[in-house]
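S.K.: Just need the whole structure built from these sequences, with the hints factored in.
Going line by line, the protein sequences match chains X and C. At the far end of the first sequence sits residue 312, using numbering that gives the first Met the number 0, and the numbering has no gaps. At the far end of the second sequence sits residue 295, using numbering that gives the first Met the number 0, and the numbering has no gaps.
Keep in mind the hints are simulated off the structure, nothing from the lab. Hints should not be assumed to be uniformly reliable.
To be verified - Output of the computed footprint for chain X on chain C, the stretches with three or more beta carbons under 8 Å from beta carbons of chain X:
id: 1; stretch: 56-70
id: 2; stretch: 82-94
id: 3; stretch: 240-249
id: 4; stretch: 279-285
Glycine residues also receive a C-beta, built at the ideal position from the N, C-alpha and C atoms.
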Amino acid sequence: MPKPHVYLLAALIIALGISHVSDKIDPYHLDVLTGIGINIILAVSLNLVNGFTGQFSLGHAGFMSVGAYAAAAFSLFLGPQLLGSAGGTPFQQGCLFFGALLTGGFFASLAGLLVGVPSLRLKGDYLALVTLGFGEIIRVIIQNVEFLGGALGLNGIPPYTTIFWVLAFVALSVFVVSCLVNSTYGRGFLATHDDEIASEAVGLNTTHYKIVAFVIGAFFAGTAGGLYGHFKMTITPTGFDFTKSVEIVVMVIMGGMGNTLGVILAAVLLTLLPELLRPIAEYRMIIYSLLLIVLMLVRPQGLFNFKLGKAKT
Amino acid sequence: MSEFLQQLLNGLSLGAIYALIALGYTMVYGVLRFINFAHSDVFMVGAFIGYYLGKFVPENTVWGGLVVLLAAMLGCALLGMIIERLAYRPLRGAATLNVLITAIGVSLLLEYSGQVFFGATPRTFPAVFPSANYAFGSLVISSNQILVIVVAALLMVALQLIVYRTKIGTAMRAVSLNPKAAQLVGVNNDVVISFTFGLGSALAGAGGILYALNYPSIDPLMGVMPGLKAFVAAVLGGIGNIPGAALGGLLLGTVETFVNGSQWSTYKDAIAFAILIIILLFRPAGLLGKFTVEKV
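M.R.: Following this line, the structure appears as structure tokens:
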């Protein structure tokens, strides 16, 4: 078996192991761990778009919201019919939740395709703006859809998210993204990032690569949204606004764009930081924004990127 | 028919404000080729300068209002130049993405510092200008609407004169056309860029005051939506093109006001982005822009 697959299997077994002892872990720590896991999925998937492919997207929270709503709707509206009034066995619930997450991912990647096909012909700041705009449009549409709860949001989502599912999807997203970019096919993402014109000149279809990156990134953002919804049990359209997108972007930039390990570390750090800084919570976003500016001025290759001289900016 | 005229008037006065903000985006894009995300927050700071100064000048007088307007423009011009000096100038020549990220950082810094220092709760903007309503048949025009349109028109004429009739304006156009060549013929690019930021930010400050007079509830995040829409307006008219920004602002303000008055009013915030996406797909250079081919 190839090495990455061994890692994936090992990670899944570890996840299963942790979930067996999860009732012995302090619930607060478990919550923080869940939050970290969800943020890692978001950051790693955005890294595929922003880091490896070099397309600056500011709408990741929009895809997350599509996934969160689709997954929540799946388990809220289809769940009672599939499981019966008794609620089903834990195994059945697990299957339902897996289905819900895949549904969330599917709808998010559909949204990614819808957004990507027209907007990926644009570059740089235009693309950033258009993805931001799409994020806002998604929010406005959800606010206007009656059966998704409108501006009040969806409540009473069953709390299916366990530490196993979170860790499993973290492993899966890291596995898919790293295998993808390290494959022969995946060199196209890096080529698109390095020099779009040159890649086109040697016959790569850069639009194709951008759209694939976008769709896969959106898929995992959608599953992260599904995990988030079944973890918080309530979701509102405003919970997935521009600020959330920026938070994910900061993780990717801090980790060093296109550096999966660094991005994971940054996601861990930036999820823990607000917990530790709770007394000065109102300064959190000021610290984030200063961090962005100072990083760009002093260390544009990212905080956790140690491959000096090879830094891609 | 009179309802149509009324909406058109409301739309034009909103559009004039969008146009003022859009001019700042367009000018900075012209000389530096990047989107100054922080511009919308300079607009917010302008409104807050007006809020704090408004306590010191007598209310409902023309000269008091003008003092507030000029002070906000001056304050914002300074702020814009400081931002350029500290955040953007060290990055001159860096990758576009880095500059873009820095701009987003500056924007967030202004917004969240505003929330901490000004407070996040909305404030009521003082009535610094005398206000009255004039009725023409069933058409109602407020003095604030007239003020917005007149001030915006005057500022745009002044801008046009600066850009086309003065030495520094010529230098601005030279830098916009080709920064390296401009430097070779003796233009000090740093001075020109700094001046451009000052000029654009002053217009944003004026926009902030005019916006706050018409929508007198201000908070640190008030700049986000008008800023984004003004950017859309700049793209709609053709970014880097000054008359285009004015045209785009007026068009966008009008369209938005009509949507707001229709049954789709809850989609009002989405319409600007829909326009942005359509324009970028079918005419990426904007209505008045020139299409250029990327050269290697």
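S.K.: For every hint, state whether the structure bears it out.
M.R.: So, going through the hints one by one against the coordinates:
1. 56-70: Per the Cβ count (0), the hint is violated.
2. 82-94: holds (count 5)
3. 240-249: violated (count 0)
4. 279-285: holds (count 3)
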